[in-house]
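**Q** Sequence:
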Amino acid sequence: MAETVLDVHALTSGYGDLAAIREVSLTVGAGEVVALFGPNGAGKSTTLSAIVGVLPTMSGQVRWLGQQRPKSLTRFAREGLAFVPEGRSVISDLSVQDNLRLGSGGVDGAVAYFPELERLLPRPAGLLSGGEQQMLSLGRALATEPRVLLADEVSLGLAPIIVDRLFDAIKRASVDRGLAVLLVEQQPRRALAVADRWYLLRNGEMVGEGVATDASLLDQMYLPSASASPPQR
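The working numbering puts the first residue of the sequence shown at 1071, with every later residue one more than the last.
Please note: incorrect hints may appear among the correct ones.
[Stated by the list, open to error] In silico SDA-like pairs for lysine to any residue, Cα to Cα no more than 20 Å straight-line:
1) 1241 / 1099
2) 1241 / 1223
3) 1141 / 1079
4) 1241 / 1260
[Claimed, not checked] Per label pair, the in silico range of CB-to-CB distance:
5) 1185 / 1215: 15 to 23 Å
6) 1227 / 1143: 19 to 27 Å
7) 1283 / 1192: 42 to 50 Å
8) 1286 / 1143: 37 to 45 Å
The set of hints was computed from the structure by calculation and includes no laboratory data. Built from N, CA and C at the ideal position, the CB exists for glycine as well.
Given only the sequences and the hints, what does the whole structure look like? Please build it.
**A** What follows is the structure, encoded as structure tokens:
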């Protein structure tokens, strides 16, 4: 059985006095890709922000390699966390090469995952396409050789061929290096091609889980709720 890298137990978090997620529990093991699904406003991004400590913990706990999660995001990153938030987390005015140098993994590690970046190294990141920017962001994260990767909708707004490249890189790191991955996604079918297990979040609460082969179960639970959640992010 794979070592549990990330263990979230009964986590409640939110904004001010408002709990946006309530008693969320999940685990991610070494070498495992776990997908977190849910309709818009279900609390998926909030869950990631709470796990890494960007949002306060109202109750519950996040354990990291059997210990309490580091209190600061900087220390968490030093201990092996890579977090790719929603959107293109690149510095537009810097070149691709300088963006990669900002990460502890450097240039070569990112290019190993995405060879397309090599010819783009001198180019300002702001001039890249959306897919190229996401390869830059994910490549920079994977190059640090983290123990766990939290990725928030890396496929958003991208062509299927680019999404396949991103997911292939994530799966490769999981298989080759034992990377634990928690992947927030809006495209269940595509994500299940690389995931081992899944969780389903609705209205800030965990309502289901299964293995990747349980696609029919996910359909039964997810599709009827896709338009039922109120805006809550």
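**Q** Decide, hint by hint, whether the structure agrees.
**A** Going through the hints against the structure:
Simply put, residue 1241 and residue 1099 have alpha-carbon atoms about 14 Å apart, close enough for the 20 Å limit, and the pair holds. With a CA separation close to 15 Å, the supplied pair residue 1241 and residue 1223 stays within the 20 Å bound. Using a Cα cut-off of 20 Å, the hinted pair residue 1141 and residue 1079 holds, with the two alpha carbons roughly 16 Å apart. Straight-line distance between C-alpha atoms of residue 1241 and residue 1260 comes to about 13 Å, which keeps the hinted pair within the 20 Å bound.
Between residue 1185 and residue 1215 the beta carbon distance is about 18 Å. The supplied range of 15 to 23 Å therefore holds. Taking 19 to 27 Å as the suggested C-beta distance range, the pair residue 1227 and residue 1143 conforms, at roughly 26 Å. Residue 1283 and residue 1192 have their C-beta atoms about 45 Å apart, which keeps the hinted 42 to 50 Å range intact. Our hint of 37 to 45 Å for residue 1286 and residue 1143 holds, since their Cβ atoms are close to 38 Å apart.
This entry satisfies every hint, going by the numbered hints stated previously.
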